[in-house]
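Take the given structure of chain S and dock chain H to it, following the hints.
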Amino acid sequence: MQEKLHGYHIALIVYMLELDVTVFSLPRIVAENLGTNGWIGLILLAFVAVCNIALIQLVYRAGKGRSIYEIAEQSIPKLLLYPVYLLLAIFWIGLGSFIGKKYVLIYQMISFPTTSASLLYISIALLAYYMLTKGIYNMGKAITLFCYMTIILTVLLFYYTNDWELSRFTTYLFQGAAEGHSFKNWLEVYTIFVGYEITLFLFPYSDKKTLFKGVYCGQILNLTIYLILIMLCFGFFSFEQLKSIMYPVINLLSYIELPFLNRLENLVFTLFLFSNVISIALFSWMALTATQRVFPRVKLRFLELGILALSVGISFYPSILRDSEKLLRYAMYGEAGLAFMLPLLLLALLFFQNKKAGGNGGTPA
Amino acid sequence: MPDESNRQNPDAAAPDAHAASPDQDAQTTVKSTETKPPTLEGTLKEFAGCFDLGYRTFPRNQVHAVYLEYLIDADQLHRQLNQPFLEADDAQAAQLLTQSIFQPITTLNESVDSVLYGSTMLFFQGQAYALNLARSIGRSIEQTETETVIAGPHDGFVENLIENIALIRKRIRSSHLKFISLSVGEVTKTQVVIAYIEGLANDHFVKQLKTRIHDIEIDALHEANMLVQLIDDNPNSYFPQYMVTERPDSICSKLTSGRVVGLVDGSPSAFVAPTSFFEFFASPDDYYQRWHLGTALRILRFIGFAITIGFTAIYVSVTTYHYEMIPHTMLLNLTKSRSNVPFPPLYEALLMETTIELLREAGARLPTKIGQTIGIVGGIVIGQAAVQAGFTSNILIIAVASSAIASFVIPSYTMSASIRLLRFGLILLAGFWGNFGLILGIGFIIVHLSGITNLGSSYLTPAAPMNRTDWLDTFIRGPFSKLIFRPSQPASPNRVKTKQRK
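Each protein sequence line maps, in turn, to chains S and H.
Per our numbering, residue 1 is the first one in the first sequence, and the count goes up by one each step.
Per our numbering, residue 1 is the first one in the second sequence, and the count goes up by one each step.
In isolation and in its complexed conformation, chain S is listed as follows:
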């Protein structure tokens, strides 16, 4: 019998997938795009994400827990679907590799200016591949341990007690955004929540009762950690300073001086390797589920190797940080759109399917 992922692990999967390299620039992104007291905006955006999860929950209910591929294949001919699957797979592999590449490029910048970024990427891609070969259930276990190792870092928070001032928050709301307010700017902040859509793919692998409890908890945990981080930065840096620092969290960490260790960013940023590897591995896993539908007879090992090769191949493309950030941003926009589009499309399909079947319950809305 296949073991099912419990809600607890799903929460951590969602949390760790949402948490990626973007977190180091997050306070700046919020300050730039939302302005003063941007954390309130983050709560609003989290609410949007929760609505999106609710859409996914509707798909789960209407589809009675069937995998989304089964739902799609019931109404749409496979010949039409396979190219879409492949495109999606390539997109996800690309998304994972942009995340990894950006992390590696930042790492190269702060620690290893002379080491080849591709070499570093290949090493973390190998770890992601190793994770992928273990299957989603064991990935869940590894993610749980990785999560414990990173979440413990929140104790560093107390180091800033003396330097944190509430007055730096100002009494203004959403003022001073770099380019004013626009849909695009809010979308850019919204992309930090990208990752919860993995729920769509977890349907067949998770415990029925606790799946969505887990997803919501993961989302809330993620929001909490983000809020803590943003509020810490907003109270530690001045608003203008925050807008001009590329990676405020790294600066924040380098401020710490413990009696036996300084410049903690070296260690903490390295620990975040885990959350990036997880992002690569989980997006690759999503791609794996899609390619498996197209090539059901091909051995899993070959598909995994193919994904690894493609991921490394794509990672060569962005060679400087600016390019990598741009690509990642666009990919994230795409993924955020996909997170809304997929459940809507599936709901439409399910609506017709259930109607055809006689409309006996389970229809959405």
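Simulated from the structure, these hints should not be mistaken for lab results.
All of these numbers come straight from a predicted model, not from anything done at the bench.
Check the hints yourself; a few may be wrong.
[Unchecked claim] Only pairs whose alpha carbons sit at most 30 Å apart, straight line, appear in this in silico DSSO-like list of lysine-lysine: (1) H:497 with S:134; (2) H:36 with S:4; (3) S:4 with H:210.
[What the hints assert, rightly or not] Partial selection, computed: residues in chain H whose CB lies under 7 Å from chain S: (4) 322; (5) 439; (6) 440; (7) 450.
[Unchecked claim] From the derived model, a few chain S residues whose C-beta atoms are all more than 10 Å from chain H: (8) 127; (9) 261; (10) 271.
Glycine residues also receive a C-beta, built at the ideal position from the N, C-alpha and C atoms.
Below, chain H alone, put in the same frame as chain S:
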């Protein structure tokens, strides 16, 4: 299953012929003897050329006895066989052989096996009977040298299976405690016993363990540590997957927690299934002290684990790539100490770690008295001379020594050895890529650990899959009043350990 487990006579060491047969697939001899009737000639032929074979007849009757002289108890032989049969005529002998201690044997194969396990085979009027006269061979119960505790029982398992079973029986006075006897090794036919408590152990694990031991194909088996490698879920994994211990108290606590235990004849170690990674960090000591102290000891062991794995690697990483991480007050000392060393930190660390391992290995192989000398000489060479000669820095000595000491805090020798070797990999990675390499290595270890299963259950229980009640008896040692449930990993049908009185 009960027919195999309800052994009436605890010293009846011969395993059931049925249990013994499946793995004896030496096509030629076994196949032919399996169906042949047990005859005196056949048995004698099988043992032709064995000088230790005893064969005797009695003047007044037709009984023939065949046995291996050094396997059986001479006193028992005299009382149970010689005395009654010496004066008996044929009719009386037939009468005597109806006693239940004489087990009728139907095939030649069984007859040969019975002799090999210390029985005397009696042949009389075309019938064959086995009389168990096996004597206890090997040292009697002694203290274990690898797992000593300060407070708590000091007896340990020995090489003698009968003694070991008796030790368990003596501690768990329950008829629900069952033993299944199996045989492994086509040549050695080593007896392996699976023990479990009916109603507490999950049948699934008992059956699975039994099947796996049945399916082993090997010529010789000498140790429990060897057996567990043959029944691993992940034979290529780096970590020991079954907990192996020489302590009967530990084994009994595993049995009562619903786990299944295996014993191998000729080995003082017993193994436990299913086992999780974190169990290797628990010692019976934890339960014999106040829970606060037990908890502190457990946490200390986990700190020890972190130090063993990472301390030297962090030294290498920091001194090679991340000097900025060292506070300036410490930096002066460190650079002063490092300034005389001609090697890069990676070589320096590997050199010292290898020396420590050499010392440890030499100390383990030598008798205690010489071992002490090695310790002193090694201590002086490493501690003083190496630094003065400019081979290594003082701070590295501290790192290497503390990680070596920390590795011995882990109670399980096999786990501690695995972790010590793992350290080298991390040092290498730290030497190549600094913190990045170190964390990458840890990532690989964690992913590897998550993939390991033991009899199909997760090796990382209770961290993943998460089980909060288990944490109380894994990462800390909760007070007994709070340890109400049995651990989740063995999936015991009876989860409640104690019902507290209100």
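Do the hints match the structure? See the list:
A threshold of 30 Å between alpha carbons decides the hint, and for residue 497 of chain H with residue 134 of chain S the separation of about 34 Å lies outside it, so the pair is violated. Taking the CA atoms of residue 36 of chain H and residue 4 of chain S, the gap is near 52 Å; set against the 30 Å cutoff, the hint is violated. Distance hint between residue 4 of chain S and residue 210 of chain H is fulfilled; the C-alpha atoms sit about 27 Å from each other, no more than 30 Å. Of the supplied interface hints, the one on residue 322 of chain H holds, with its beta-carbon coming within about 5 Å of a beta-carbon of chain S, less than 7 Å.
The closest approach between the C-beta of residue 439 of chain H and any C-beta of chain S is roughly 5 Å, which is under the 7 Å cut-off, so the hint is satisfied. Checking residue 440 of chain H against chain S: minimum C-beta separation of about 6 Å stays under 7 Å; hint holds. Given hint, residue 450 of chain H at the interface with chain S, holds; its Cβ is 4 Å from that chain's nearest Cβ, closer than 7 Å. Residue 127 of chain S, annotated as away from the interface, has a beta carbon of chain H within 10 Å; the closest lies near 5 Å.
At roughly 6 Å, the least C-beta separation between residue 261 of chain S and chain H is not larger than 10 Å, which violates its mark as non-interface. Not every C-beta of chain H lies more than 10 Å from that of residue 271 of chain S, the closest at about 6 Å, which undercuts listing it as non-interface.
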